[in-house]
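> With the hints as extra help, turn the sequences into a complete structure.
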Amino acid sequence: MLIINCPYCGERDQSEFSNGGQAHVVRPSDPEKLNDKEWSEYVFVRSNPKGIFFERWVHSHGCRKWFNAVRNTSTDEIIKTYKLNEKPPILAEFTNNLKTPSGEPELGSGNFTVKK
Amino acid sequence: MKELYSLRGLDVFQKDLHQIVLRGKGDEKFKEIINKETSLSLPPENLKITQNDKFLLAKHSFDQWNLFYLDRKEHKEVLKMVSTFNSHEEILASDYSYGQVYFEISGKDKNYYLNKLTHFDFRIKKFPNLSMAQTLVAKIDCSIYHLNDKFIITCNCSLEEYFKERLLDAINL
Amino acid sequence: MWRSPEPKKSYDIIIVGGGGHGLGTAYYLAKEHGFKNIAVIEKGWLGCGNTGRNTTIIRSNYLWDESALLYDHSLKLWENLSEDLNYNVMFSQRGVLNLAHNEHDIKEIKRRMCANRLNGLDSRWIDTGEIKKLVPIMNTDNLRYPVLGASYQPRGGVARHDAVAWGFAMRADEMGVDIIQNCEVKGVRTKNGQVEGVETSQGFIESKKIGIVASGHTSILAATAGVRLPLQSRPLQALVSEPIKPVINTVVMSNAVHAYVSQSDKGELVIGAGTDGYNSFTQRGGYDVIEETIRAIVELYPIFGKMKMLRQWGGIVDICPDASPIISKCDVKGLYFNCGWGTGGFKATPGSANVFAYTIANDNPHKINAAFSLDRFETGRLVDEHGAAAVAH
Amino acid sequence: MSSINNTKSFHLISSQKVSFTFDGKKLTGFKGDTIASALLRNNINLVGRSFKYHRPRGIYSCGIEEPNALVQIISEHNEPNARATVKRIYDGMIVESQNRWPSLKMDIGAVNNLLSPIFSAGFYYKTFMGPKGFWKKVYEPIIRKTAGLGKPPKEFRSKSTHHHHNVDVVIVGGGISGLIAALKFVKTNYDVLIIEQDSFLGGILNTSKKIKEINGLDTIEWIKKTEELISKSKNIKILKDTTVSSYNYSNHLIALEDKAVGSLPPNYKPELVLHKIRTQHTILANGYIERILSFRNNDLPGVMLAGSFEKFVHRYGVVPETNPIIFTNNSSTFSLLKSLIELNCKPSAYVDNREENSIEKSTLDYLKNNNIPFYTGAEVEGCDGRNIIREAFIRHKGNIIKLKTNMLCVSGGINPDVNLFTQSKGLIKWDDNLFTFKPDKAFQNTIVIGSASGNFNFQKLNDEIKNKLNFLKEVNDTKIEIISNVENDYKISEIWDIKPEKESLWSKSFIDIQNDVTVKDLRQAITEGFDRIEHLKRFTTNSMGTDQGKISSINSLGIVSKILNKSVSEVGTTIYRPPYAPLSFSAIAGRNTYEFYDPKRKTPIHSWHIDNNAVFEDVGQWKRPWYFKNKKGETMHQAVQRESKQLRESAGILDGSTLGKIEVKGKDALEFMNLMYTNAFTKMKPMTSRYVLMLGEDGMIKDDGIVSKINDQHFIATTTTGGAPKVLADMEEYAQTEWPHLEVYMNSITEQFSTFNISGPKSRAIMRKVFSNIDFSNEKFPFMTFNNFKYLDTEVRIMRASFTGELGYEIYISPKYALELWKKIFHSGKNLGLVPYGTETMHLLRAEKGYIVVGQDTDGTVTPIDLNLNWMIGKNKKDFIGKRSLSRSDTAREDRKQLVGILPLDKNKKILEGQHILEINKLPKKIETPIEYLGHVTSSYHSPNLKHFVAMALVKGGNKLMGKKVYVSDPSKSETIPVEIVNPVFLDPENKRLLS
Ligand SMILES: Cc1cc2nc3c(=O)[nH]c(=O)nc-3n(C[C@H](O)[C@H](O)[C@H](O)COP(=O)(O)OP(=O)(O)OC[C@H]3O[C@@H](n4cnc5c(N)ncnc54)[C@H](O)[C@@H]3O)c2cc1C
Ligand SMILES: NC(=O)c1ccc[n+]([C@@H]2O[C@H](COP(=O)([O-])OP(=O)(O)OC[C@H]3O[C@@H](n4cnc5c(N)ncnc54)[C@H](O)[C@@H]3O)[C@@H](O)[C@H]2O)c1
Ligand SMILES: Cc1cc2nc3c(=O)[nH]c(=O)nc-3n(C[C@H](O)[C@H](O)[C@H](O)COP(=O)(O)O)c2cc1C
Ligand SMILES: [Zn+2]
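Protein chains in written order, with the numbering used here: chain A, 1 to 116; chain B, 1 to 173; chain C, 1 to 393; chain D, 1 to 996.
By construction, these hints were calculated from the structure, which means they are not laboratory data.
Misleading hints may appear alongside valid ones.
Away from chain D, derived, C-beta distances all over 12 angstroms, residues of chain B [claimed, not checked]:
#1 3
#2 5
#3 9
#4 38
#5 49
#6 53
#7 54
#8 70
#9 90
Computed beta-carbon distance windows for the label pairs [claimed, not checked]:
#10 D/636 with C/331: 52 to 58 angstroms
#11 B/8 with D/474: 52 to 58 angstroms
#12 C/175 with D/75: 21 to 27 angstroms
#13 D/384 with C/1: 32 to 38 angstroms
#14 D/686 with B/53: 37 to 43 angstroms
#15 D/269 with B/16: 32 to 38 angstroms
#16 D/266 with C/1: 52 to 58 angstroms
#17 D/876 with C/206: 54 to 60 angstroms
#18 D/895 with C/4: 51 to 57 angstroms
The structure displayed is predicted, hence computed values, not measured ones.
The beta carbon of each residue, even a glycine, is placed where N, CA and C say it ideally should be.
This is how it looks when you write it as structure tokens:
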């Protein structure tokens, strides 16, 4: 179970939060201008990376504020949380210990135990 | 104020309080309006509480402040205050007086009992005096205010019975 | 027994993912469509994905016609699978109950039962009295949300999950399918909108047709070919208790008091939890989800208060916006997907493999999976099974 | 040849006797005994039958790792699979053995042992198949009967509680290393929690005599002093009888405390407490686990782990057997040897697999000096006996030596207990000297010390701990001087299984004792292609029992590595998963079940409803009156018909307090509302209200409600009861994330206002009586307007609106005044025929009017256009949530399912919700091929006002089918009901009543 650092309330148990999927997806300002395919991408398609993921959380049982987080989905490690109006941190700042698109890092992934 | 339970290092009272939830930007204008009506300045930081002899003001987040009356008033006076606030278009004020229930919890073992019901970290280094938090207690959304040796815990009034029963259960077991 | 061959340079068809769906696809491609030069490429060991970690519930009582058709196609194949494979997959038709706990549940279930009946399925509404007869240990009235009735599908049941993978693997191997374990596909190579092969940890392997059946990982592999799939990967957990003598002879699921349980032939209670609320590839979920499940279990079956959890684990499921799978071609020629089964694809294993094999062989969907193509998200013609899939196992 | 008491044991309180029964026989033990130690004291060695072959089984270990001695506790609601080696006895405890019939000694199931050549690994998959139908009818039922170990428990409602902790440091294990670590934190600023599964601290110091003294003190003295010191330090807390079972991500630990150790759990107190702990640092000092060796019949009662035997001697004060044989491959058994001699018990032989030159000199000297027959470079080939071991066969220099004995103490070496460490997702690494896995890289803030880290040398303990805690600021520097009774270095030879002298189909060397997995099974599985350790596990069920292979899983890796000719690292382990030890369901559930499963949310009028015989319906967590029983025996149908009729004749009142209410305000509130809802609010006049719809981005209806506009900056929205939290959350989400440039705020005021709906032709008259100062005339108070009025010390907001199609008002009042006002209204309305009504009547009345209920007439696949609610869509608005989706090809189709009314041609016919609409009038008895249908009935009620059923349905292309005759299927019969498709408004289409 994660500990999440709400930028407003501090570190709290995951049970107080809800996840909102990929961050930095901007709602089209003029949906009518999009064709069906583009619109369906906005409504239904979100990134689903294994590794570094920019995502949204809301402190739903706390201050009810939304914020963003950078998390490694292959280890669940939360690298940073930041407010909505802050710039997304640069990906290169984080060590992505991911080896392949589908491979796990050996440490913490939940899918390995033995160091070879 | 009604005494609910008092035993083994824990005292629980149910209180009647007036509360107004204020939403707004928190800018100079906002400060002025609040100050004018309550003579209070805004808490310096998020999750902090300021008070004078009439009111207590807690900053819940960057756009929410909860105002408590420290003495009993007629409801219409509170409503008048609400409409005064609401006369400013940049503020939303909602009367929360009777839709919430208020429990005052004190005693040396209060953390012990409360931690049967919540994961919240009550240690003084994490939850200092005159601060507040919103969290889950017994699966219920609650606000907790740390006032000297006491906690005030509030939740929705529809959950009053459940909350009391859980508290009693935690004390008894 | 299957071989562990070295990968060849080139295959007619490559199936990525050695779970039940992938192995089954290879099996039906060889058996029904006469392909001989097929490889199944698996990054771990056969069945190490969700096939090896699910609660094995099998049923077909889905709401919409398209789903009912697909899942019942599968159920019919299950009924003969042991004979077909000459390997006992221990398919046990002990019946499946979906409980109703409020007026809304009742309405939803009754509607579904009517639709099921018109689709020729054997599911029906039963009242509390009948439930009590099927599952005497259930607490039906002395709980927060009393049991008000249930849908019952007698043909539903459970099967021995690992054996499904092993059975398909053995028979596919016999027909010449190369099953390559511990070989990870790192990406799909394409040229001019047509697939060329896959990059793997053992080098490049060529093929003009590639079927990706990698469950939680499908969208990641799709991305390497420039295809964005509407999938999110979530941990889904399950647990088993210590084994006891048989007490519960039916599979029971509940939406409102969220838990599902069956008892395996070895005696342990196999209990499914919910998905975690965030994307993750760690094959483990939050403890809070386990707690939610167990409190529902003891609420419904007070005698289980004295049981103990022996082991808990997680899988990674890929969730589709309409809670229905994708069995489809895509814009890249020769690239096929079978994914989005979310929390409930084990039951579909033979059926989905069967129609997916058809789709790959003919470069066109079988009529059973035509509705489950990718373009439904564009047109809006979704197959929204959230009602039936809220507990979709 | 039997057991004796060790009166010099550390913890035996021999004065207090306890009597209990085992399989009906009354036995006596001492207070503090486990069932196992008490049975051994009574010379009982046979305690159960094995899972598959029903072989006799005894006590194999002295703790949580026990694979064999699982018993049923009859006196505790039939608790199955209790570990006899953990569970303490108390007066009156009733214990039974498991998995045998009719009795433990005479077990019919034991024929399985004879049949065992058929039952080898994976036998299910290859046998029990044909002829067709046999699996289902014959084989499966038989297999199922043999399932399981214990019998099902009995009904039981636990009082187990949860307790949360937030600390800086957790020390798991209060053994010697845990205690030394704890000393470093005495009187520091760290909040420390020490968790020990046993009833006292000290670990290995209680269970062996490996250590002579610490800091000049006798070990027991040292524990006492140390504990005193720790307890006095306010920052440190000790939890005893508490086992850490899970080590989750973010240093989240779950630990189970047994509150009723050695006593019958009272049913008014928690028997278990589940501790949920968050910590900054976790120090794992949880020790080691001894492993077995596989040889012929290594499962016979009387075969026991050497370390466990030693633990029985010192920890429980029972010497299970005075003259056992000791069989070892490592140096840890020396202390057992010594202890036995000191108790005047002479082992009948000491068999060491190590060659003489690699055995410690002190050990050899000791053996010689005490005249103990010993064999080096030797092994126990096997043993024989019926219900207990009678003789052991020692292979020494090519000879087989037969020795009589009743007990064989085995040690295959020790493993750091890495279970918790790997749960935390740290990596382990094989150690080629210790022949075991050791913790390598931690993933979380985890520090492993003592034998758990693979440090088996007492002398290095203090330095190890000091170094590993060095990075923490301000920890104490303590001095620890240890004088041991044994050699400091631990040495071991590599041996995993021992070839039997003569192999037969029936001879067995076990690797998983609980699941009856033999070394032969492992071999066979590998030849069948299951050569990956995870396949091997699942094919043979190795290490899948209740002990999860604690004492044997490393052995199986060793064996497999030899067969495959690979290193153990290459073979790898299977995954360690939580919990560390089986975890009670009732403890996991804690108090969040039974009476506390979910809060019951109650409105301020709840008590009145109860007094007036309301029957409640669960709507989310809310308790809402469903209908009111007028008199005894009134059925729901009768009540609803009565309420509905009376309302249309006079008036009715409904408690609508559960409706969601949201106050929205801000400079940009108008624009915000225009974006959230389909409706257009710009031209709406202040102090008026509107029926509204909210969609998802996919264009499907998510919620409805009424929005009241105070002015362009201030709105109040109502939502459905169930939708309230989601609508508020969605508003917050869009305001914060998509449109932060809009200045708008919202508060939930659901609980701040109780809401009553009064409707019916007499409602105006009633309102006039209650609020005599308000003008309710049509002119002053037209439909869909609202206003605030002073009332007593407070205010009421009254809105003219209606969900029943009658003249109606909604009253909003602060909950404090709600009940009083309700009673007042009721009193005033009595003579005018005011009736309280519930949700069912509300649903009936709205159906007569063709009003929809979100979630009943919609299911997440319905757009406003499908419901012919186009008029609610602000077409001129550039955008609102879901707008774009309405023009996709599928949502724009004309033959989508549309909402229509359904009228039975025969007015006496019943139509039920969920029934489907057909174009054919008869169905085959058994439906083989799918039958096409047009749609389904979403709502249906018997209307007492129209005297027939009124129904609504979603029908393909329904708008174009008005007047068409179709059929409604009966769910069970082949008959159908002929109906006509009609406009869904059955009553007062001109809205005369509504606007009256
Ligand atoms: C806890 C749990 C309970 C469930 N309960 C039920 C239930 O009761 N009933 C039900 O019907 N369904 C259930 N499901 C869902 C069901 O398990 C899955 O839908 C189904 O097993 C999917 O099968 P599959 O063959 O598609 O996927 P998998 O078995 O996951 O196979 C995919 C394979 O692809 C491999 N792979 C991934 N990436 C690569 C790569 N890059 N290269 C090579 N190989 C790769 C994986 O290692 C894996 O072996 C449950 C799932 C879980 C997790
Ligand atoms: N030379 C030898 O032959 C030999 C052999 C073994 C150990 N040793 C030495 O003995 C010492 C052992 O000390 P130690 O402190 O490592 O072990 P220990 O056995 O003294 O302490 C471990 C403690 O942890 C507790 N524990 C284990 N799992 C737990 C859990 N999940 N939850 C709560 N409590 C749990 C146990 O009850 C025990 O009290 C080490 O110094 C080691 O070098 C020497
Ligand atoms: C239907 C089913 C029954 C299981 N029964 C047991 C069991 O009796 N004992 C056990 O230790 N594990 C059991 N498991 C869990 C597996 O040991 C394992 O945890 C699971 O397959 C996930 O794999 P992993 O833990 O290696 O990641 C069962 C799993 C499934 C799917
Ligand atoms: Zn917060």
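> Against each hint, give a clear statement of whether it holds in the structure.
Structure-based check of all given hints:
no.: 1; hint: 3; result: holds (21 angstroms)
no.: 2; hint: 5; result: holds (17 angstroms)
no.: 3; hint: 9; result: holds (15 angstroms)
no.: 4; hint: 38; result: holds (19 angstroms)
no.: 5; hint: 49; result: holds (20 angstroms)
no.: 6; hint: 53; result: holds (24 angstroms)
no.: 7; hint: 54; result: holds (20 angstroms)
no.: 8; hint: 70; result: holds (19 angstroms)
no.: 9; hint: 90; result: violated (6 angstroms)
no.: 10; hint: D/636 with C/331: 52 to 58 angstroms; result: holds (56 angstroms)
no.: 11; hint: B/8 with D/474: 52 to 58 angstroms; result: violated (34 angstroms)
no.: 12; hint: C/175 with D/75: 21 to 27 angstroms; result: violated (59 angstroms)
no.: 13; hint: D/384 with C/1: 32 to 38 angstroms; result: holds (36 angstroms)
no.: 14; hint: D/686 with B/53: 37 to 43 angstroms; result: holds (39 angstroms)
no.: 15; hint: D/269 with B/16: 32 to 38 angstroms; result: holds (35 angstroms)
no.: 16; hint: D/266 with C/1: 52 to 58 angstroms; result: holds (57 angstroms)
no.: 17; hint: D/876 with C/206: 54 to 60 angstroms; result: holds (57 angstroms)
no.: 18; hint: D/895 with C/4: 51 to 57 angstroms; result: holds (54 angstroms)
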